Every structure is written in C-alpha cells, then in structure tokens.
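Asker: Chains B and H, in that order, give the protein sequences.
Each residue of the first sequence is one higher than the last, beginning at 457 in our numbering.
Each residue of the second sequence is one higher than the last, beginning at 610 in our numbering.
Careful: at least some of the hints might be erroneous.
To be verified - Derived BS3-like pairs (lysine-lysine); straight-line CA-CA distance at most 25 Å:
| hint | chain 1 | residue 1 | chain 2 | residue 2 |
| --- | --- | --- | --- | --- |
| 1 | B | 734 | H | 738 |
| 2 | H | 738 | B | 621 |
| 3 | H | 738 | B | 773 |
| 4 | H | 642 | B | 475 |
| 5 | B | 621 | H | 685 |
| 6 | H | 645 | B | 778 |
| 7 | H | 645 | B | 543 |
| 8 | H | 614 | B | 623 |
| 9 | B | 725 | B | 623 |
| 10 | H | 685 | B | 649 |
| 11 | H | 685 | B | 773 |
| 12 | H | 642 | B | 563 |
| 13 | B | 621 | H | 666 |
| 14 | B | 623 | H | 685 |
| 15 | H | 666 | B | 879 |
| 16 | B | 822 | B | 841 |
| 17 | H | 666 | B | 874 |
These are computed hints drawn from the structure, not numbers from a lab.
Remember, it's a predicted structure, so these values are computed and weren't measured experimentally.
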Amino acid sequence: MSTKPTSLFDKVWDAHVVKSMADGPDVLFIDRHFIHEVTSPVAFLGLHTRNISVMFPERTFATADHNTPTINQHLPVADPLSANQLKALEENTARYGISHWGLNNPKNGIVHVVGPENGITLPGMTIVCGDSHTSTHGAFGCIAFGIGTSEVEMVLSSQCIMQPKPKKMRINVNGSLSKGVTSKDVILYIISKLTAAGATGYFVEYAGSVFENMSMEGRMTVCNMSIEMGARGGMVAPDETTYAYIKGREKAPTRAAWDEALAYWKTLKTDEGVVFDKEYNFDGADIEPMITYGTNPGMGIGITQTVPSAEDVDAGKASFAKSLQYMGFHEKEPMLGKTIDYVFIGSCTNGRIEDFRAFASLVKGKKKADNVTAWLVPGSHTVEKQIRDEGIYDIITEAGFELRQPGCSACLAMNDDKIPAGKYAVSTSNRNFEGRQGPGARTLLASPLVAAAAAVTGKVTDPRTLIS
Amino acid sequence: MAYDKFTVLKSTAVPLPIENVDTDQIIPARFLKATKREGFGDNLFRDWRYNSDDTPKQDFVLNNPIYSGKILVGGKNFGSGSSREHAAWAIYDYGFRCVVSSFFADIFKNNSMNIGILPVQVSDAFLEKIFQAIEADPKVELEVDLPQQTITIVPTGASESFAINGYKKHNLMNGFDDIDFLQDIKNEIGRFAESSRY
Ligand code: SF4
C-alpha cells in the first residue's frame with residue numbers, strides 16, 4: 457500500500473472514478489443526485505427522446521423549491537408556467553419511481569437544506585444537483601457541485617458525469633472570530649480577498665480552527681458560497697460536530713451500519729504533508745461583519761469601511777464603474793447609514809435554524825423599521841417548525857415581522873418575491889448580480905445579524921452596536 | 610440533444626468587452642420557467658438588451674446592426690454564477706457557436722461543450738487584440754480552427770493556439786455527447802455501483 461500523503465479531496469474523488477481517460481475527463485460515479493423543478497424537465501425530455509431510462513432511481517431525490525410561492529402554498533400555484541414546471545417534476549418523478557417532496561409535503565424545502573436535514577448527505581459522498589450551490593453539502597466532507605441540465609440527464613441515465621479533476625486549494629483560517637462575526641462574514645471576507653474568479657478551476661478545502669469550531673450550519677454557509685469565487689466546490693473534513701449532526705436523522709445509518717460508517721468517516725481527512733496547488737492563510741481576528749457594495753460577491757468590505765476607489769480594485773475598471781453606477785454608490789463613501797428598503801432572510805446560504813436564531817437574538821425587544829419590507833423565508837418546513845417550537849416565531853412577530861413559507865424565494869426571484877427596480881435589499885442570500893433579486897434590484901449581501909440590524913434601523917448598521 | 614459538428618468556423622464576431630458576465634445577465638431567472646428547450650435566444654442578455662417596456666436598448670451591442678456573426682467575444686471570467694445550462698442554450702439558440710474570452714467559469718465551460726458551443730480561451734493580450742480589431746472594423750473575420758486548435762484574426766493573420774482536452778475535441782468534431790459515451794459503458798458502471806459504499 458502506498459504511504460503517499462493524500463488530501464481529503466483526492467480520497468473521495470479517487471474512490472468514485474469508474475474510468476479515467478488519457479487526455480480527457482474522469483467518469484465519476486455519483487452517490488446522490490438532487491433535482492428540482494427548474495433544471496430537470498429538459499433532462500427528462502432528453503431521456504424520453506433517446507428512449508433511455510433512469511439507471512438508479514433510488515439515488516435521486518426531488519424537491520420543489522426554486523419556483524414556488526412563499527405564501528398560500530395550499531392554494532393552486534397561480535403562475536401557469538411555474539405550475540407547469542411543478543407538474544412536470546411530479547409526473548417525471550412518478551414515471552421513473554424517484555422520491556419527490558413536492559409543495560405541501562412536510563419534507564419539502566430548499567434542496568440544499570433538506571438533503572442534510574434528512575441524513576441524505578453523508579461524509580465521503582459525491583453529490584450533484586442542477587444548482588451551483590450544491591457545494592453546500594461539502595460541509596460534510598463530500599465532493600458536491602452544481603451541474604448543467606445535460607449532466608442531470610447523464611446522472612439520471614448512468615449515475616455518472618464526466619469531469620476533469622480540478623486542482624486543489626486549501627484555505628486556512630485560524631484564530632478566533634470576534635463578537636458579531638459569523639460564518640457568512642468569514643466566507644464573504646475570503647471571497648473579497650480572492651475575488652469572484654479567484655478559485656476557478658480549484659476545489660477548496662477549508663481548514664483551521666475557525667472551521668473546526670463552526671457548527672454544521674456555519675460550515676454549510678461557507679461551503680455554499682465556494683462557487684462565488686469560482687471554485688468547483690468546497691469541503692470541510694468531517695469530525696465530531698459532523699457525526700453529532702448526522703446521528704439520528706431519518707436516512708442516517710444506524711446500529712452496525714453506523715459503526716462501520718463512522719470508522720470510514722474517521723479516515724476522511726487530509727494527511728500530514730499534502731501539498732496543495734494553492735494555499736491561503738487568514739486570521740479570524742481580522743474579520744469584521746461584512747457587506748457587499750457591488751454586483752459580484754467578491755465586492756465585499758467590512759461594514760465600517762468605505763467603498764474602494766477604482767485604483768484599489770484589480771478587476772476591470774469598466775466593470776467596477778458599471779457596478780457602482782448600477783448600485784447607485786460612489787467611490788470612497790461609507791456603507792454605514794445607507795437607507796435600505798428590503799431585508800431578505802433565507803436561501804440555502806442562510807435559511808437554517810441557526811440563522812433565524814441569530815436574527816431573533818438581535819431583533820428581540822425591538823421593532824421593524826417602518827421603511828423596511830422584510831421577507832423571512834425558512835429553508836424548509838422542518839426549519840419552520842423549529843422556528844415555532846423554539847419560540848423564535850413569537851419573538852419575530854412581536855417585533856413586527858412575518859414568517860413566510862419555505863422556498864428559494866428572493867434568492868433568485870423566479871417567483872413573486874422580487875425586489876423592485878432601484879430598491880436596496882440587505883440579503884442573506886449568495887448573489888448580488890445585477891437583477892438577481894428582480895430586474896433593477898440592488899442587493900447588499902450580508903449575514904443574518906447585519907440583516908437584522910438593517911431590518912430594525914432601516915439602514916446599514918453595524919450589528920455590534922446593537923448586541924448587548 | 611444533437612448539435613452540429615464543429616470543425617472550422619470563419620465568421621465576424623460580436624464584442625462584449627465586459628468582465629464577469631454572469632449567467633443571470635446571459636439569461637435572467639424569470640425566463641427559466643420552460644419545460645422545453647425552445648426560444649431561449651429571444652431572451653439572451655434580456656435586461657441589457659431591452660428596457661422594461663420591451664423596447665430595445667439602442668446602446669447594447671446585440672441591437673447594433675453593424676455587429677453580427679457566430680462568435681461572441683466576452684471579457685474575462687465569462688459565464689460565472691449559476692449552473693443553468695439555459696445560459697448556454699440562449700447563446701446557441703441566438704446563433705453563436707463559439708465564445709471567446711480570456712477566462713471562463715468552469716460550469717459554463719462544461720455546459721457549453723456539452724451542447725456544442727466551443728469556448729475558446731485566449732491570453733489577455735490576444736483578447737485585447739481581437740477587441741481592437743473589431744473596433745477598427747466591425748466586419749473583421751475570425752477563424753476558429755478546432756482540429757488545429759487555433760484562433761486567427763483573418764486580415765492580419767495574428768493567431769494564437771488554445772487548449773481543449775482530446776475527448777471533448779473529438780466529441781465536438783463529431784457531434785457526439787457524453788450521454789452516448791456513458792450509455793456505452795453502462796455495464797462497467799453497473800459493476801462499479803455494486804461495490805460502491807453508498
Ligand atoms: S436558495 Fe438560491 S442558491 Fe439556493 S438552491 Fe435556491 S436558488 Fe439556488
């Protein structure tokens with residue numbers, strides 16, 4: 457047996473290679489495949505046209521989330537095109553015997569929230585889905601990434617995709633985080649340092665004490681946004697926190713199978729002495745609550761800082777000017793004190809229970825600002841139930857907020873939850889692209905705490921000034 | 610889905626010298642509600658191309674009749690963002706067969722090749738040369754030669770070679786896709802699955 461030190465990424469990747477091709481991609485076996493209503497219909501159509509079937513229906517899981525309303529889910533979906541996609545998902549999954557958590561199913565929710573929640577996501581798996589934030593599942597030590605519709609068709613028909621092996625990057629963040637700094641700030645900070653394309657071509661491993669001390673929810677937030685610096689995905693080695701999160705979940709292994717799985721999971725770490733193609737080191741103490749000012753997630757700054765000037769940015773000057781013009785911001789002006797119009801808490805980045813706990817901890821005893829419209833959208837029905845069970849619901853309603861029903865909502869604004877043109881939204885989602893949250897919408901990405909501070913003050917506010 | 614074979618493409622090109630063109634710009638999410646792969650070209654760059662009342666924005670390059678062709682030339686980090694293959698469909702459906710940039714986002718690059726669009730990655734300097742050539746003469750032709758893996762600015766002869774893996778090159782030149790390939794090795798996959806942990 458070889459004693460060559462091996463990275464976590466290589467261990468998982470190599471265990472899934474069905475076939476390697478010289479001067480070509482690897483044929484990679486996929487353990488779990490998630491599908492949703494938006495990127496799957498054309499893949500099913502492809503199967504139909506080619507007259508081929510689904511090879512392993514039990515390895516694919518469907519949920520409706522991208523295009524679903526977040527109010528009155530018990531009523532028929534009003535938009536005929538959305539309704540049609542939901543119906544297509546229902547019919548396609550029924551035809552091929554694929555599990556489907558449609559609207560109103562108690563298991564329904566955002567695909568990257570319900571997978572881990574139900575123990576479908578387990579360490580060492582390969583996981584794909586036609587959504588780029590599939591990288592979320594990397595928090596469990598999985599190789600998980602987003603794929604296109606042609607690849608969805610590949611996985612349905614052969615349980616494999618063909619991918620060249622990415623390069624390896626490790627990002628170490630050590631030290632400790634200050635008060636009011638969350639996992640979202642950590643990843644926004646990293647992306648601001650590496651830029652929106654800084655990890656393109658790489659698969660990232662996050663290591664160091666900051667990630668070791670993070671909850672699974674926090675690790676999911678970090679891995680989720682790996683794609684925003686261009687990475688194929690990101691992963692964290694499984695540890696006691698991971699095992700404790702998984703244990704007892706519906707589809708998690710039990711008894712002897714648990715012991716056997718655990719023994720395997722314990723081997724899933726990067727050996728001493730592995731050399732990465734690129735490695736970065738950051739100090740957790742340097743990170744403050746973050747906010748973005750521009751139109752890609754790399755355009756983030758500490759909340760007390762000012763918008764940079766064109767000379768200070770590496771990215772194209774033309775794009776920088778265009779971006780500020782779209783946002784209505786100017787070089788060198790402070791972000792603190794900017795009046796905002798909307799607050800969105802939700803998405804697969806920050807729609808988990810921990811995010812609502814953070815939001816509630818800050819708004820408790822305060823009132824929603826009159827100029828703010830707030831959309832609080834849990835990532836799943838399970839999260840919604842937790843919000844009620846833990847008394848968070850009472851705190852937020854007391855403060856003047858309403859809770860909506862689960863779904864992707866304003867993260868991509870395919871449903872009615874669109875931020876109007878020109879309005880500013882402090883959003884816990886993952887993308888601040890032009891028009892992402894609705895045509896002309898202006899998005900400021902931030903953590904649930906920064907969003908909460910904005911929601912009660914009506915402007916960009918440092919949450920640390922509100923935390924007792 | 611079948612696509613036309615790609616060998617040598619000689620065409621004028623449409624310049625889009627903007628960096629970080631993301632998939633939400635290429636095809637905004639509200640146009641992803643279809644269950645068939647039809648008509649996406651109409652909404653390519655929708656919000657850059659049209660005002661909210663659906664009148665064309667005169668200053669956007671696709672609305673400028675002096676630019677046309679089957680090659681789209683974009684700024685650095687083209688196609689970042691979501692995994693929506695709809696972005697590649699929109700580009701193909703509009704009539705482009707090749708996108709040139711100095712840097713591509715991974716998923717977009719994969720999606721493009723899977724549906725028959727050739728992403729050609731050139732150096733920053735060569736990209737600049739192309740933009741300048743088009744600016745000087747919008748009718749300038751580029752030649753993309755897949756078998757030779759070269760891209761040439763025809764009137765000046767300035768040329769650069771580009772990389773592509775042998776398997777993908779073979780597919781594009783023959784109009785094959787990965788699904789055909791994977792169907793052929795299904796027995797092997799079946800045996801692998803039997804011994805897989807999950
Ligand atoms: S919440 Fe946003 S990023 Fe997450 S799955 Fe939905 S659309 Fe994709």
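Asker: Each hint needs a verdict: does it hold in this structure or not?
Answerer: Against the structure, the hints:
1. B/734 to H/738: violated (31 Å)
2. H/738 to B/621: Measuring from Cα to Cα gives roughly 32 Å; hence the hint is violated.
3. H/738 to B/773: Roughly 18 Å separates the two Cα atoms, so the pair holds.
4. H/642 to B/475: violated (36 Å)
5. B/621 to H/685: holds (23 Å)
6. H/645 to B/778: violated (34 Å)
7. H/645 to B/543: Holds, at about 14 Å.
8. H/614 to B/623: violated (30 Å)
9. B/725 to B/623: holds (17 Å)
10. H/685 to B/649: Holds: residue 685 of chain H and residue 649 of chain B sit about 18 Å apart, inside 25 Å.
11. H/685 to B/773: holds (12 Å)
12. H/642 to B/563: holds (23 Å)
13. B/621 to H/666: violated (42 Å)
14. B/623 to H/685: Since the Cα atoms of residue 623 of chain B and residue 685 of chain H sit roughly 20 Å apart, the hinted pair holds (cutoff 25 Å).
15. H/666 to B/879: holds (22 Å)
16. B/822 to B/841: holds (23 Å)
17. H/666 to B/874: holds (23 Å)
Hints 1, 2, 4, 6, 8, 13 from the earlier list are contradicted by this structure; the remaining hints agree with it.
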